[in-house]
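Each chain is listed here by its residues.
Protein chains: 2
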Amino acid sequence: MSIEERVSGARDGLLEELKEFLRMPSISARKEDTDGFRKCAGWVAEKFREAGAEARMMETDGHPVVYAEIGEGEKTLLSYGHYDVQPPEPLDLWESDPFEPALRDGGIFARGVADDKGDVLARIQALRLYIEEHGQPTFKLKFLIEGEEEIGSPNLAPFVRNNAELLAADACIWEGSMKDGTGRPMIFCGTKGMAYVELRAKGASHDLHSMYGGIAPNPVWRLIQALRTIKDENGEITLDGLDALADPPSEKDLEAIGRIPFDEAAMKASWNVGAFDRNLTGEAALSEMLLRPTANIAGIQSGYTGPGTKTIVPSEAFVKMDFRLVSGQSPGPVLELIRSHLRKRGFDDIEVVDLHGVEAAKTPVDSPIVRTAVESWEDLGVDDAVVYPTIGGSGPTSLIATELGIPTIMTGSVANTDSRLHAPNEWVRLDDYFGAVGYFARFFERFGS
Amino acid sequence: MSIEERVSGARDGLLEELKEFLRMPSISARKEDTDGFRKCAGWVAEKFREAGAEARMMETDGHPVVYAEIGEGEKTLLSYGHYDVQPPEPLDLWESDPFEPALRDGGIFARGVADDKGDVLARIQALRLYIEEHGQPTFKLKFLIEGEEEIGSPNLAPFVRNNAELLAADACIWEGSMKDGTGRPMIFCGTKGMAYVELRAKGASHDLHSMYGGIAPNPVWRLIQALRTIKDENGEITLDGLDALADPPSEKDLEAIGRIPFDEAAMKASWNVGAFDRNLTGEAALSEMLLRPTANIAGIQSGYTGPGTKTIVPSEAFVKMDFRLVSGQSPGPVLELIRSHLRKRGFDDIEVVDLHGVEAAKTPVDSPIVRTAVESWEDLGVDDAVVYPTIGGSGPTSLIATELGIPTIMTGSVANTDSRLHAPNEWVRLDDYFGAVGYFARFFERFGS
Chain A
103 MSIEERVSGA
113 RDGLLEELKE
123 FLRMPSISAR
133 KEDTDGFRKC
143 AGWVAEKFRE
153 AGAEARMMET
163 DGHPVVYAEI
173 GEGEKTLLSY
183 GHYDVQPPEP
193 LDLWESDPFE
203 PALRDGGIFA
213 RGVADDKGDV
223 LARIQALRLY
233 IEEHGQPTFK
243 LKFLIEGEEE
253 IGSPNLAPFV
263 RNNAELLAAD
273 ACIWEGSMKD
283 GTGRPMIFCG
293 TKGMAYVELR
303 AKGASHDLHS
313 MYGGIAPNPV
323 WRLIQALRTI
333 KDENGEITLD
343 GLDALADPPS
353 EKDLEAIGRI
363 PFDEAAMKAS
373 WNVGAFDRNL
383 TGEAALSEML
393 LRPTANIAGI
403 QSGYTGPGTK
413 TIVPSEAFVK
423 MDFRLVSGQS
433 PGPVLELIRS
443 HLRKRGFDDI
453 EVVDLHGVEA
463 AKTPVDSPIV
473 RTAVESWEDL
483 GVDDAVVYPT
493 IGGSGPTSLI
503 ATELGIPTIM
513 TGSVANTDSR
523 LHAPNEWVRL
533 DDYFGAVGYF
543 ARFFERFGS
Chain B
103 MSIEERVSGA
113 RDGLLEELKE
123 FLRMPSISAR
133 KEDTDGFRKC
143 AGWVAEKFRE
153 AGAEARMMET
163 DGHPVVYAEI
173 GEGEKTLLSY
183 GHYDVQPPEP
193 LDLWESDPFE
203 PALRDGGIFA
213 RGVADDKGDV
223 LARIQALRLY
233 IEEHGQPTFK
243 LKFLIEGEEE
253 IGSPNLAPFV
263 RNNAELLAAD
273 ACIWEGSMKD
283 GTGRPMIFCG
293 TKGMAYVELR
303 AKGASHDLHS
313 MYGGIAPNPV
323 WRLIQALRTI
333 KDENGEITLD
343 GLDALADPPS
353 EKDLEAIGRI
363 PFDEAAMKAS
373 WNVGAFDRNL
383 TGEAALSEML
393 LRPTANIAGI
403 QSGYTGPGTK
413 TIVPSEAFVK
423 MDFRLVSGQS
433 PGPVLELIRS
443 HLRKRGFDDI
453 EVVDLHGVEA
463 AKTPVDSPIV
473 RTAVESWEDL
483 GVDDAVVYPT
493 IGGSGPTSLI
503 ATELGIPTIM
513 TGSVANTDSR
523 LHAPNEWVRL
533 DDYFGAVGYF
543 ARFFERFGS
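Chains as they are written, first to last, in this note's numbering: chain A, 103 to 551; chain B, 103 to 551.
Don't read these hints as lab results, they were simulated from the structure.
Careful: at least some of the hints might be erroneous.
The list treats identical chains as one, so a pair stands whether inside a single copy or across any two.
Below, in silico cross-link-like pairs of lysine-lysine (DSSO-like), each with a Cα-Cα straight-line distance of 27 Å or less [unchecked claim]:
hint, residue 1, residue 2
1, 446, 304
2, 121, 244
3, 333, 304
4, 412, 333
5, 133, 121
6, 370, 304
7, 412, 304
8, 177, 242
9, 333, 446
Make the full structure from the sequences, and use the hints.
Right under this line is the structure:
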């Protein structure tokens, strides 16, 4: 019997198991619900045991990690996922209970089904079907399932550093892939880094009547004067020294970019915009998105923002910025660049608050693990998987990819680009879910062969 | 008996009357309290009648105007004030009930005592004492007391235009003066105009994950690109054609500026700033504040502004700006300047919303009414009154000063620079209050002589 036949025959049971997982509201942002949370972690560990793996809960300063392993052999594969989910709010926008999975329109709807419970369980189920077919894996398979991804993985770094030997592997398959708008599997070979800062400016110690607007220091104008040195009037980033830090993209990266089918019309339509920033198009837009750093403004606030008019000179202003970084641009040095850039231009008065930093991670697009990912799709008759040098987003991938030096990719997720991660009515297609179970089983076959 | 002796002898009664006025919470922003509001208007009308004036309530589309007149003669003086007050919130910052006047530290504390009930009643009481001393005025004295000043006088323009003949006068004394930080009376000969606009920029139809920050249109950056064309990197206004509209200041204005004792150290200390905008100092700062337009940012908002981090490209952004305008710069044409300035630079996508417009008003500093104001102080032994070409703020003054062509000044108020207008613990010094009663009586004497 083939793996696909085994999946096909087991659909009802696989789905019931998924529903059971989805009914446990493991919302990591809610500190109070510790018992329900541990129950969910315990359920995951038990699933591993049912599959024949050794599993344990490992404590952190926050929610526990579930660690499991199985098989013996020369090669080792690490799988990363998380069992925690985002809060479901706003509840009134859900068409069905976020924690009572509903089947409709060929899909299953529930909080966490796409991010990341479906992915976690599909891999466990794939392991079970793999064992039914082949017996114990002839390679070592390790699972790291954390419970704090949705709150920024605050305890993952110490966990990884303290357990480097336990987690050692030849390759890692990370969570977080998806299928693109036309159903092609996406394989991502890296994540961007990030320096998230808040710039704060101060004026008078209290809001002033704007009759003083001609002479009172205005913190919004002050921020704007600072920001205009960070991007020029054409929207190009002009932060001192940022480019010099970047590792240039490889020939292979550029070739991979050239092979990506980029449906920019569909992207613009889904955003309801006529053009991308700076009128970028085609490969230039794609390269900008995947291979270049950003200086994004995520929020800004100052003064009176209610309806109508209020005539004040605000006393303070802040802007939140996330700089997405490419390989070579570590958040620490970038933070220093921002500070010295502003200082050099006389903006010593602007406070630069470090809110978050994450390293970029990069696995070469021609790594063996990438080939395994592509060929595993081909084993299923899917020959249009697309390899991306990076995903534009960031994550703690670098802990594994960079610190432990394990080639790490994202592949084979249950989700599609419209799966509404973090949003109401999160869902995946049932076909994609069962397809992912088959995919991971094929992946284990390929990896072990 | 002199006017001052009359004031001195009547202090207790004058004060009781003031308290009665202050106990009526005539908050124009609260539309529901119409009865209490009309009661307050009626009380003012009755006070005029007690003084011997003809008084009536005149309806508008909003709260009624109290109009009163008395006396006969060749010359006519118009007095403008308002009986409505700001809301008292935040209540917990008041040390005593905002509508139960409290005496402490030589002052009287209540909402409206400085803005503008104390001023309104001081003029009525001055009229009474004047009549006790001299009998009926030998000039025509008219009072226009509106009930919507604190909500932007939405019905004053049609009222003034429909009653131009009724309001005709040789001069007008407006509300809103005060004593400066060292106790010198301030006399203002004009107000700035204002164009209050909101600039709105749009990006995608919904917030996007900031992984798209390299190519998604960012409405905050878009606003910043537009704003950098409105002020240059040195903070100078660069709006096309704004300067050309301005009437240049007169020789007399510049002389008046030179005579103003400007305690910039005290102003900086009260704002807790080390320097004014653009490091302006002395007469340059004073001229900037009084004789030049502004391009103030009163508020800005976009995207995520809560604690910590959220990584989005916001879908929309807005900035609220008040342009304070000098004589010649009408808000309508200035609005057109802003629109064409942005259009010319390719910012057609930025919506310019007209939120409020007010004309500047200007009475020459050497007008007879200004001399009367200065000499009335001298009659009281006060020889350091300071004449300002304008106050930096705006108001509906131009309806009288410009549209009806009546020389209009602000003089003789009960307030000081620390009277906390619109803020908790609004107050005036009792000495200033009784001083104002005496001042207005002297003013009537001077005007009629």
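Tell me the hint numbers this structure goes against, listed in increasing order.
none
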